[in-house]
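Please build the complete structure, drawing on both the sequences and the hints.
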Amino acid sequence: MSGCSDPLACAEEKEEAGGLKRRDFLTAVGVVAAGFLAGCTPEVREEFFQKHFLELSQEELDRRMQRLHDDYSKRFGQEVSVSALPAQPGVVFGYALDLSRCIGCRRCVYACVKENNQSRDPQIQWIRVLEMDKAKGIDFEEANPYYDHEKVPDPDHFYLPVACQQCRTPQCTQVCPVGATWQEPDGIVVIDYDWCIGCRYCMAACPYGARHFNWGEPHLPTNELNPNTHALGNRPRPRGVVEKCTFCIQRVRSGRYPACVEICPVGARKFGNLLDKDGEVSRILRDKRVFVLKAELKTDPKFYYFYGL
Amino acid sequence: MATNSHDHDEHGKSEHPQTQEEEFSIARSNALVPLLIISAVTVFAILAVIVRAKPVIPHEGVAADKAFSPADFPMVFGSEAAIPGLDTADVQVERGRSASSAQFPVPAPPFSEGIFPCTQCHADMEPNPERRPLELMHTDIELHHDEEHRWCLDCHDLKNRDQLHLSSGAPVPFTESYRLCGQCHGTQYRDWRAGIHGKRTGYWDGSKRYLLCVHCHNPHSPHFAALKPLPPPIRPQFSRKDADRSARDKESADVGVQ
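From first to last, the protein sequence lines stand for chains F and Y.
If you're matching positions, the first sequence starts at 886 in our numbering and goes up one per residue.
If you're matching positions, the second sequence starts at 90 in our numbering and goes up one per residue.
There's no promise every hint is true.
Straight-line alpha carbon distances no greater than 30 Å define the calculated BS3-like cross-link-like pairs of lysine-lysine that follow [to be verified]:
1. Y:K155 - F:K1019
2. F:K1036 - Y:K317
3. F:K1036 - Y:K155
4. F:K1021 - Y:K297
5. F:K1019 - F:K1179
6. F:K1162 - F:K1021
7. F:K1162 - F:K1179
8. Y:K317 - F:K1019
It should be emphasised that the hints constitute simulated quantities derived from the structure, not laboratory data.
Following this line, the structure appears as structure tokens:
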């Protein structure tokens, strides 16, 4: 050993012995990176240095939607529309579900998958229907999501479907370290799949288990794609991002009902504008006895459960 | 007194070490061996239980080991409506208020095929207002709708066979049968008009499509019929295998994912 007493001097000595100084190495890396970025197309450069969704100018937004449209259309071999339709003023969406009607048939679960382009395998489902014992009441510890009866409703059980509760004070958006998820002016909590880093803090923060992670490469057969997509909603997701119910943002922002509302065979699902005093949900809030899940957490959901009978 | 107690204390102190030493000698003897063996066996048994225990799978009995997709249920998600035989195409809906002229736009009533108009048979028949079980026709109808008190002609009109009638005798066409149902089921009728009871489609900010009561409730047996549920979600322990499989499939024949 050379026997150098100062560790710093010793390190420098070693570096020189390797023939490459740290400064030279970092300079080389910088030059290569700059050369790469200078050499690649403007599209790739823009994608690399993309701004946050909310900071995009209208022109940049249009360009990004066009790029998504081109990418998806090429990948799926059909015309895929990607919209970035913003929230309408004077609208806050609310949802109400009649527990006295729900029979637990899971039509909503699969209608949601069909509408929102979830991965088929590995399976992702945004709605989870919990079967609960009538004698025990609402008890999440005992709830069974895996029931499979010949016919539903089972006389001893009732059913409570759970998806994103679209909280007014969402915990998930507060813990996101990169601001990839936020609440829109119409109350929908959305995720920017390009900005999400997959840390899954939001999944830990959500008390309803409403967020789902793409652990594997999402598998979505071409012929099962829903080509009407929204950039913050049902556009096909990459691996490694979190996704969740958006009240079918691609439908409700153009006046339609969410897919789960339209499929429900018993009419247990009600959707509307909370600011519209004559809307179904406002009327339910006024006339029926409603409750929200885990009210003690003060998440203040816009998803209400009620007993219509 | 003080000295006395002191004496007593001293006496006690002198006896204690003696007792302890005796106990200690007992402990040193072979009596400790069975104790050791028992504790060792106990520890081993606990370890064995932990190692050999099966993982607790809640709600066992349902496998839930396959990932189903909406494409597996063409009957539910095909072009067929959610309610069999229902054609909602004739009810036009659009965005914006006051889009529809009808107050409660509903699709056509769900008649059994070829049964309407009723006059095609009843026109030539002598009306019989006497309450009786039907034996020649309509024997497939089993009345489970307050059958103790009601029969056909409480709702169906005797004179005009193609209509229903209210309890007042006022005629009601089949296309507005909700007015008839609403006579007894007032709270449901109120909620239905507001869009709270029953299914409503269309536009949340525009005109809606209503359904007649009889689209969901058989008027002769109105309890909602039970359905076969779609399959449960895949349990996480099986999902992992599926992820592996899809990764393998990807190399050969994946279409949608890149």
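Given hint K1179 of chain F paired with K1162 of chain F - CA-CA distance at most 30 Å:
26 Å, holds
Next pair to validate is K1036 of chain F with K317 of chain Y; report whether the Cα-Cα distance is within 30 Å.
4 Å, holds
Would you mind confirming whether the straight-line C-alpha gap from K155 of chain Y to K1019 of chain F stays at or under 30 Å?
Cα-Cα ~28 Å, so holds.
So if I understand the rule, the pair passes when the alpha-carbon distance is 30 Å or less; does K1162 of chain F with K1021 of chain F pass?
35 Å, violated
Given the proposed pairing of K317 of chain Y with K1019 of chain F, does the C-alpha separation stay at or below 30 Å?
20 Å, holds
Would the hint linking K1036 of chain F and K155 of chain Y be met if the CA-CA limit is 30 Å?
20 Å, holds
Holds or violated: K1021 of chain F and K297 of chain Y, Cα atoms, limit 30 Å.
38 Å, violated
Satisfaction of hint between K1179 of chain F and K1019 of chain F, Cα-Cα up to 30 Å:
The hint holds at about 19 Å.
Hint compliance for this structure: hints 4 and 6 are not met, and every other hint is.
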